[in-house]
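Trainee: Sequence lines, in order, name chains A and B.
The letter at position 702 of the first sequence is residue 702 when you use our numbering, and the numbering goes up by one with no holes.
The letter at position 91 of the second sequence is residue 91 when you use our numbering, and the numbering goes up by one with no holes.
In case anyone wonders, no lab produced these hints; they're calculated from the structure.
By construction, the Cβ of each residue, glycine as well, lies at the ideal position given by its N, Cα and C atoms.
Check before you lean on any hint, since a few could be wrong.
Claimed, not checked - Computed from the model, here is a short list of chain A residues facing chain B with C-beta under 8 angstroms: (1) Q128; (2) I720; (3) S743; (4) E893.
As the list claims (entries may be wrong) - To give an idea of the interface, some chain A residues facing chain B are shown, with a C-beta separation under 10 angstroms as derived from the structure: (5) V422; (6) Q571; (7) E740; (8) P763; (9) M766; (10) L774; (11) G779; (12) E783; (13) P888.
Claimed, not checked - Here are the computed distance ranges between Cβ atoms for each label pair: (14) A:W866 - B:P15: 46 to 52 angstroms; (15) B:P60 - A:L649: 24 to 30 angstroms; (16) B:R217 - A:T765: 18 to 24 angstroms; (17) B:R31 - A:S701: 50 to 56 angstroms; (18) B:K164 - A:G686: 37 to 43 angstroms; (19) A:T690 - B:D143: 29 to 35 angstroms; (20) A:P888 - B:P133: 35 to 41 angstroms; (21) B:A46 - A:T765: 54 to 60 angstroms.
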Amino acid sequence: MEERRPDPDVLLKQAQREEERKREGTLKIFFGAAPGVGKTFAMLEAAQAKRAEGLDVVVGYVETHGRPDTEALLEGLERLPRRSVDYRGKQLPEFDLDAALARKPTLILVDELAHTNVPVSRHKKRWQDVTELLEAGINVYTTVNVQHLESINDVVHRITGVVVRETLPDSILDRADEIELIDLPPDDLLQRLREGKVYVPELAASAVENFFRKGNLIALRELALRRTAERVDEQMQLYRRDQGIRSIWPAADRILVCVGYNPRSIRLIHAARRLAAGLRTEWIAVHVEAPSRVRPSESDKKRLADHMRLAESLGAESATLTGGTISEEILTYARSRNVNKIIVGKPTHARWKDKLFGSPLDELVRGSGDIDVYVTSGDVEEPHRHPETKTSRRSWRKREWLWSVLIVLSCTAVAALMSPYVDRVDLAMVYLLGVVITASKTSTWPSLFAALLGVAAFDVFFVPPYYTFAVNDVKYFFTFAAMFIVSVVISRLTLRVRRQAEASRMRERRTAYLYNLSRDLAREREVERLSEIAVKHMGEVFDSEVAVLIADEQKRLTPTAISPGLVAPGQQELSVAQWVLEHHQPAGFGTDTLPGAKALYLPLIASAGTVGVVGISPKKPQDAFDPEQFHYLEAYANQTAMAMERAFLVEEAHGALLKAERESLRNTLLSSISHDLRTPLTAITGAVSTLLQNDVAIEQSGRLELLHTIHEEAERLNRIIKNILDMSRLESGAITVNKEWQSLEEIVGVVLNRLGDRLNDHPLTMRLPRTLPLIAFDGLLIEQVFMNLFENAIKYTPKGTPLELSASEAFFIVTVELADRGPGIPPGEEEHIFEKFVRGRASGGGVGLGLTICRTIINAHGGKVWAENRPGGGAVFRFTLPATGLPPMPKREEVLEVQ
Amino acid sequence: MAEEKELILLIEDEPQMRRFLRITLESQGYRLVEAATAREGLMQAATRNPDVVLLDLGLPDLDGLEVTGKLREWTQTPIIVISAREQEHDKVRTLDAGADDYLTKPFNAGELLARIRVALRHAALRNTDAGEPVFTLHNLRVDMGERRVFVGDEEVHLTPLEYKLLTTLIRHAGKVITHRQLLREVWGPAYVDEVQYLRVYMTQLRHKLEADPTRPRFLMNEPGIGYRLKYDPEG
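Chain A extracted, bound-state conformation (with noise of 0.2 angstroms):
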């Protein structure tokens, strides 16, 4: 039973697949094997039926190539108007996916998912489209045909030679929550086709006799029928998952495919997709930047980037990696990823070169160890290569063939120099000595033409007869091979390093770029500046114009970073970001949508959802972001996004800690506040209307007892309004501490004064030492604080309990304490009582700011204070006064001589 127990992340998912769909609209697609079966027709049918139900169902885009009996299936269907698009002078219909959302129906119809929109729209697809519209709720039906299915639309190729450029990434039907087929019969469809009732819009004339073939008809439907069953299959696989059931593949297994520069690659990407469907595994797709490699032009990593981005759109994970040998970093990169499968191309290339270069396949196999490996044809038509390909692998620099002229050269000057003095062989070293330094510096054929140079040189120049090629010897012409082969292979080598430093190179210096902007970020706390480095570092490194925009609470962008000289984005900048924002997916420039943007827009997303955008564009507008620029562009947004949040979270938990500070101090503050004040006020109140009555008659006695009473609690509710006032001045800052040379004795004096009477009860013995120096303090304040500790004293301890005040000095640091004998300090609270509005038990009415007076006081003069509970009973209350320095001091003098 142990097994049968579903796995938790299993549930989970199923959890979240549960949760998004309640929110996202569902998705039904009418699919068919070719243009005519009736998908359209069954679409209408079928919303009729929806539409007796009660269903809010409008048809969002629907062609009816004028077929009557289709037509007359629209009837008492609300339709969306058009959106007529001007392109290129031509007014074209469109599909209004705005009016779409803000109508929000419950189902709409969009017709034909794989259709290509007018390019100034939104998005480059109109599955996009009816992606945006499932995302907003709303339930879709469409019609997709099988040839357009990016998986299998190679296949289709193959099977009827006609090119469909419409296609569609598999994803969007793996999505779909029904997929109907619509099936006809190939001679009905023929049939069809004959009375004309077909209408195949994007194939010409020519191209639909070829495509409606019976023999491709056939092979369609097998294809239609195929990719529904796997599709049924993998419902069921999804049920037994959803309900726990464990499933029979291992899970750990994927399948990766090696990418490169190649059209065949697509056939690749494509079979391996199939492979991964079939096999229900992850699959990745792998380029390896070799530096052994010729480098590689400008349309060779356009081309990449159109392969690795297919791949992705079929499921794909994508990863590029860099090294060596391509065979070590594939096989190295698979185990690393639990690969067991690993599918690459045929060779194309002639056979002497894996001779010269040893194969890379060949080596992929031999160290494939239990990994299967896949060698899959890129048949039937070798792929044209473009012919900027040749012309830029040719475009050498003038500079690198100068180079190795001019270092064969020197290679002369020099020998011709040692010739005297070395052996005629030796010299032959010099030149492939320059045949390294060629390599070094240069690419490689510039290198490979020093290396046939010398070799010449060395002839002429070297070797009798001397000035001419002829040789005299035959043995040379070994030395010629010898030295040839040696310089070739050591040129080639030098190459492979040389590629491969600055291949590692440039990834360190952008993992380097990566750690500054995380550095950098992390010292940050504000929003503005986290933005200013964001723009610095992307603009820096990947030579762009860059602007943060952060998202309020409303979900309005505001910039809050521009790179220098860049405008603030306009209207329609805006509005792609905003896109961005609420969908939480890039768009712009060099994305497949609204592609007409200046720009690139990357969310900022953060675990607690998009916290802005990022927008990026090149100063070279030409230059769009290959797929790993992207991936870089990615993970420096996510870094921004972080901080970001960090810095809202801060702010956040920040705002909301002072709000309930403030909150509470409030609330202690009116509660002691009007406690505290209204008992001395009743009191004298109390007092006073006695006194004003005339009829009663009090004694003489009586009446002083009264005044009296009138008197103390006016007194303490004057300390009372002092402390309060007091506090709220050192809180705000209105104080300013007035340092003057004090002596501590006549500041003790003062406060003895003061007090008065009240010390009556308490007997004080002082320890002043008289060798005290003058401190500069403020006289007024600690004339206060002192005040304050007497007063709690008094307060907090029995009549008759016996204080001791004492001073010394040591270090520099004059310490004061007041010690009693009293009940002492509850254990634990000797730092609380220091807080605001913390009293003691016996709270003789105070507010409870005394201590935290102290404490802002003494802090201020840079001095600590502190309570302690004395061995023997009793509190003592410490603090100290930094008594650096001393003033000039007047001469002493004789003591005046009696006249």
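Following the hints, position chain B against chain A.
Mentor: Just chain B, lined up with the frame of chain A:
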């Protein structure tokens, strides 16, 4: 009462305070003129020629410093400043500008009356221009003719500056003297900021003259303001 009592000018904007002061002062037989604003006060001072001015520092139209300055342009009438606690700075400036004494709110009637007595006495002395040659306070006796100081029967030997400091305080007996005033009179105008001189010499004086220097009976410190030789002509 045959003898006409002294006239006091009260410049105070708060009616309750005026009422309290009126009752207190009139009960002691003083005659009173009241003014609610500084301008009105200045006018009353010019027309009635009071013997003492009680000046509140928180007046709505002019500040105490200005009023003191204007009064001192033409009269030496004693001015007693009444201030709230947080006005230390204004208080010192007003005293330096020529005010004679101060009271901090809240104060009791006894304090107020003592200050008025001191002020009146000093005014009287100034008019006769003759101090008494022997000054006695508690068990302190200072014979200024012979320059000798006694505590009880014991003669105390003072340094010239200590003696000068003591006699300066005696000359202003009962009144507060700001640090600057004391330093100027004892050490000279160049020393008005050297408060530490005062600290040292006052401590020395206390140790020589007071029974318990930490609980002084007459050499009083007024923190943030100056010193006062505690003395009440009638108390």
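Trainee: Take the hints in turn and mark each one as holding or not.
Mentor: We went through each hint and held it up to the structure:
1. Because the closest C-beta pair between A:Q128 and chain B is about 70 angstroms apart, greater than 8 angstroms, the hint is violated.
2. Given hint, A:I720 at the interface with chain B, is violated; its Cβ is 13 angstroms from that chain's nearest Cβ, farther than 8 angstroms.
3. Interface restraint check: A:S743 against chain B, minimum CB-CB distance 5 angstroms, threshold 8 angstroms, status holds.
4. Below 8 angstroms, beta-carbon pairs count as interface contacts, and A:E893 has one with chain B at about 4 angstroms; its hint therefore holds.
5. Nearest Cβ of chain B to the Cβ of A:V422: about 92 angstroms, over the 10 angstroms cut. The hint is violated.
6. Because the beta carbon of A:Q571 sits about 56 angstroms from the nearest beta carbon in chain B, more than 10 angstroms, this interface hint is broken.
7. The closest approach between the C-beta of A:E740 and any C-beta of chain B is roughly 5 angstroms, which is under the 10 angstroms cut-off, so the hint is satisfied.
8. Among the interface hints, the one on A:P763 is violated; its C-beta lies about 13 angstroms from the nearest C-beta in chain B, farther than the 10 angstroms criterion.
9. Look at A:M766: its Cβ gets to within about 6 angstroms of chain B, closer than 10 angstroms, so that hint holds up.
10. Among the interface hints, the one on A:L774 holds; its C-beta lies about 6 angstroms from the nearest C-beta in chain B, closer than the 10 angstroms criterion.
11. At its closest, the beta carbon of A:G779 sits 4 angstroms from a beta carbon of chain B; the interface hint therefore holds under the 10 angstroms criterion.
12. Restraint check, A:E783 versus chain B: the minimum CB separation of about 5 angstroms is within 10 angstroms; hint holds.
13. At about 7 angstroms, the closest approach between the beta carbon of A:P888 and any beta carbon in chain B falls short of 10 angstroms, and the interface hint on this residue holds.
14. Hint check: A:W866 to B:P15, Cβ distance near 48 angstroms, so the stated range 46 to 52 angstroms holds.
15. Take B:P60 and A:L649: their Cβ atoms lie about 50 angstroms apart, and the range 24 to 30 angstroms is violated.
16. Judged by the Cβ atoms, the range 18 to 24 angstroms given for B:R217 and A:T765 holds: they are separated by roughly 20 angstroms.
17. Between B:R31 and A:S701 the CB atoms are about 34 angstroms apart, so this pair departs from the stated range of 50 to 56 angstroms.
18. For the hinted restraint 37 to 43 angstroms between B:K164 and A:G686, the CB-CB distance of approximately 54 angstroms leaves it violated.
19. Range check, A:T690 to B:D143: about 54 angstroms between beta-carbon atoms, so the 29 to 35 angstroms window is missed.
20. The supplied range of 35 to 41 angstroms is met by A:P888 and B:P133, whose beta-carbon atoms lie about 36 angstroms from each other.
21. As the Cβ distance of B:A46 to A:T765 is approximately 57 angstroms, the hint placing it in 54 to 60 angstroms holds.
In summary, the structure is inconsistent with hints 1, 2, 5, 6, 8, 15, 17, 18 and 19 from the numbered list given earlier, while agreeing with the others.
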